[in-house]
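In mature numbering (1 follows the signal peptide of the UniProt record, and there is no 0), the protein residues as written are -21 to -1, 1 to 1042.
In case anyone wonders, no lab produced these hints; they're calculated from the structure. Please note: incorrect hints may appear among the correct ones.
[What the hints assert, rightly or not] Mimicking EDC-like on lysine to aspartate or glutamate, the simulated pairs with C-alpha atoms at most 20 Å apart in a straight line are:
{"#": "1", "residue 1": "Lys271", "residue 2": "Glu252"}
{"#": "2", "residue 1": "Lys525", "residue 2": "Asp938"}
{"#": "3", "residue 1": "Lys525", "residue 2": "Asp488"}
{"#": "4", "residue 1": "Lys571", "residue 2": "Asp497"}
{"#": "5", "residue 1": "Lys241", "residue 2": "Glu221"}
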Amino acid sequence: MSGTAGFALVLFLAVFGRLSADYSCTSSVPVLQRTDCYPGSDSSKEKCQARGCTWCESSVSGVPWCFHESVSLESATCSNSLPLDQREDCHPEAYNTYDRCTNKGCTFCQTNQNGIPWCFYPSGSKRPGGDTCPSKIADDQRIDCFPTYLGTANKDNCVSKGCFWCSSSRPNTPWCFLDSRDWPADNFDANERVDCFPDLIKLPTGESVTEGTLDPRQCVARGCRYRPTGTSGAPWCFFPREKGYAVVKDEQTTKGRRLTLKRDTTLTLFAKEIADVIVDIEFQTNGRVRVKLTDANDPSRFEVPLNITSPNAKAPNPIYDVQISTSPVFTFKVVRKDTGVAVFDTSIGGLLLEDQFLQIATKLPSSNVYGFGMHQHYSYKHNMNWQTWGMFTRDQPPMDGGANLYGVHPFYMGLEDNGKAHGVLFLNSNAQDVTLSPAPALTYRTIGGVLDLYFFLGPTPENVVQQYTEAIGRPFMPPYWSLGFSLGNYGYDNIQNMKNVVSKMKEKDIPHDYQFGDIDYMDRALDFTYSTTTYPGLPDYVKQLKNDGTKFIIILDPAIAKDIPNYRPYDLGMKKDIWVKDSNGLWNVEGKVWPPTNVFYPDFTKPETTDWWVTLCKEFKNVIDYDGLWIDMNEPANFVWGDVDGCASNNINNPPYFPKIWGPVLQYKTLCPDHKHHIGLHYDVHSLYGWSQAPVTFKAAREATGKRSIVLSRSTFPGAGKFAATWLGDNWSYWTNLRYSIIGMLEFNIFGMPFVGADICGFIRDSNYELCMRWQQVGAFYPFSRNHNLGYENRPQDPTAWGDDFARNARDTLRTRYTLLPYLYTLFHEAHTRGDTVIRALFHEFPSDGATHGIDRQFLWGSSFLVSPVLDQGATSVNAYFPNARWYSYYDGAEVGTRGDWKTLDAQIWAITLHVRGGYILPTQEPARTTMASRKNPLGLIAALDDNEQASGSLFWDDGESIDTYENGNYHLATFNVTSDTLTISVVHGGFPSMNQLKLNTVRVFGMKSTSISSVTQNGNQHSDYVFNQASKELKITNLQLDASQGHTITWVKSSAMGPVIG
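Could you put the whole structure together from the sequences, leaning on the hints where they help?
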């Protein structure tokens, strides 16, 4: 007997034995011959036995646990003597169960003969309505008016709803139905439907349910169309495309075009419809167009105060067109001129503007959609299967289920099938959601403000982000030290614990550039204080850290404790009256967070608040010599819902449409929506709270330190990247969260916030050795690299907490990061000046390669440095994709040899796989424990050659901490080019005199197409310190000692003769 056949027999016996002896039962009926005696979902042992049937549980999927003891149903006990051929179906609707049948007064008796009803009229009874009906509506035109989830239909409750009642002998034909004879034909794909009932429906039981549970008449009453469909996820109640807005005026403007629209009033979802709409189309730049829809009769509706420059005239050569259709209603398309692809097409219907519900829907050119935040997304490329994502800033740890998190970013990037990219910003700060559907299409909804859309036509992914950040603001330039590794812990319950960890980091020689102080350092969690009990001597310790090259960042929460005697932040705030007010604008909003007393909330949109905050930050700098500010809890968070006195009952606090956001009400864990800020209601500005705090804190940090400084903000919104970095919040010590961190980084880079990272090893729950090791490896290549956790509840997880082997691996990986910091710093310069991403997905560089479109387990630094980490427990290899280019191992320069394909790479527990792309040059520097030390070390270059043995790159350098060095010309910029066996270093801008204190010492050249090198010259002089590795084809030139402030030429000569070689 063959091995395969033997295995099949063993499998058969195992399965057969399981089926014939499943659990311990007294029944003689084989498992697969059971006939369901209780098909209802409420089946139980007691209910089963009450029917005279047998109850026996089974582990086999689909097998009934309640079944007739006899295999033949005809011999099963039924209170019926009616012959099978005389049964008349009493329950042709779906969900036929014993209870539904008997509730109709009919008999339920199963049979295994096809076509025979199980629920039928008792002998001698008559069907409702007799043989004739007043209705002339054909069976196939009936639309069910009383679906089974509404209960059991009868003639009385059907007619009372205004529906038709007429029996039918046709299976699955409703007897209670709507007349659809006059309804327009619906010939559109169900996946293109725009949901007309996106709000939750409350059943009489109080249970909240979603699509499929509405009364069809409710749908019709809204002016929408009701059509049941078998397409999974597609709505049954949807917008008719022939209803919407008519164009009543169309005129040209200096910026583009203006249309006036009039609404079809037969379509109403909630209330207070906006009948007259102005559509302004502005051709702002050649790659950017704005389409804004506003209430013609109410110019006071809230608009996000993000200052996006609107030129005075049309762009001269736009790469797009905006096409308007007026039949049957107003729709528009944004079309790419060169390909004719519509990147946004509202002909799908569903455009609707009401006072507290605004909606726009579009067909999409492809299913490649990225962005929308902030959530814990399971993949970078969105799932388009009717997934809805809510957006509303919330103090909410990342979790499964799509909860909205700390920030709001209503921006997405689309990648068309031909590899061209576009982006769309929905500039709105109210509570909102977006539904992605398989057509592909999306529907965007918000509960206030205006519909203000910006389109960015690329055409490359990097062009899209550049255009987007040109509009919302370029990312700030971080200080060099902030690119180093940092530590934090919400659990340093005294200063000695902090000192111990910092000392161990130094003892193990692990890079450590800055330390965070969480609220543990404060006196009673009060801003602008420190505890002299648990943190005695903190000011002196911070000075000691700084002398050793380690910076210090303090946390500040926005809410300020009241009723604390002689507490200057509160006293000064009262004097300047800088607080968020109640709905009457009279009383200060009162909430609860960490301090022992209730708190007031500063209104950062009020000009006086800026002076208050800056003053306090500058004064506290004289107490603790901090280097940066970390602003937390700024969603804003509140431990009570709304206010200590609750929220009023009104339509602002309880809007008619509640987006798919976390929590039962808008004020959940935050302020009441009707509270007042300087620029508007909290209803409108809630998601702008952290965004408004960021520039004020940025100003405070720079004025207090006199240097570039850094602000780290938990809550963000478009434009926040101009002032702040961010992190992915209170993540979990799970392998899934390690993987999701890459997705989050990629998203925030297209959101214009490249300085981003996740808490390494996780914030919540205990980490473990393997997970933390892998996370430390990945985290070494986050732009913002910090190990931070909830130390009060979980074990220590800093790099020294796991033993010597772990510490050694962490040190080596971080030294690789520090070696590459000149390259990373240059990438941030390009982000600051051009709007480039720092971390990017592979499709940014290879958009025409379809294999890259869904990759989110690898990422690039810039164009050329590929990180392919292990993200799965127990794995010792990684399956990495290498697009069509030359790729080299970072460690030894050996060429991978795989192009446009996947390759399995060895990745033992101590290793992370890193590769350099051919055609690029990376500047490097010898690492040290801090950047204060490493910045004095010699520089180097890694030149990875392409197919033509060419490569290029650049280096941006300044003092690393002064404000606006690029803007003021106080920087050094050099370019590097390899061609014809010559490396040319050119100085583009030499505005940093101290550059002459640095030396260029080492050059590594990958991908030499030669067997040996006979000579090397630098600036025409022979240079003997080089070696050529024949195995890896790497040329390594050392001991150059070149002045880094000057231009240079290095040349090598290929030869078949043996020069200095290894391998």
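Against the structure, the hints come out as follows:
Distance hint between Lys271 and Glu252 is fulfilled; the C-alpha atoms sit about 18 Å from each other, no more than 20 Å. Of the pairs offered as hints, the one joining Lys525 and Asp938 holds, with about 17 Å between alpha carbons and a cut-off of 20 Å not exceeded. A distance of roughly 17 Å separates the Cα atoms of Lys525 and Asp488; the hinted pair therefore holds under the 20 Å criterion. For the suggested pair Lys571 and Asp497, the alpha carbons sit about 19 Å apart, so the restraint of at most 20 Å is met.
A hinted pair counts as satisfied when its Cα atoms are at most 20 Å apart, and Lys241 with Glu221 qualifies at roughly 14 Å.
The structure is consistent with each of the numbered hints, conforming to all of them.
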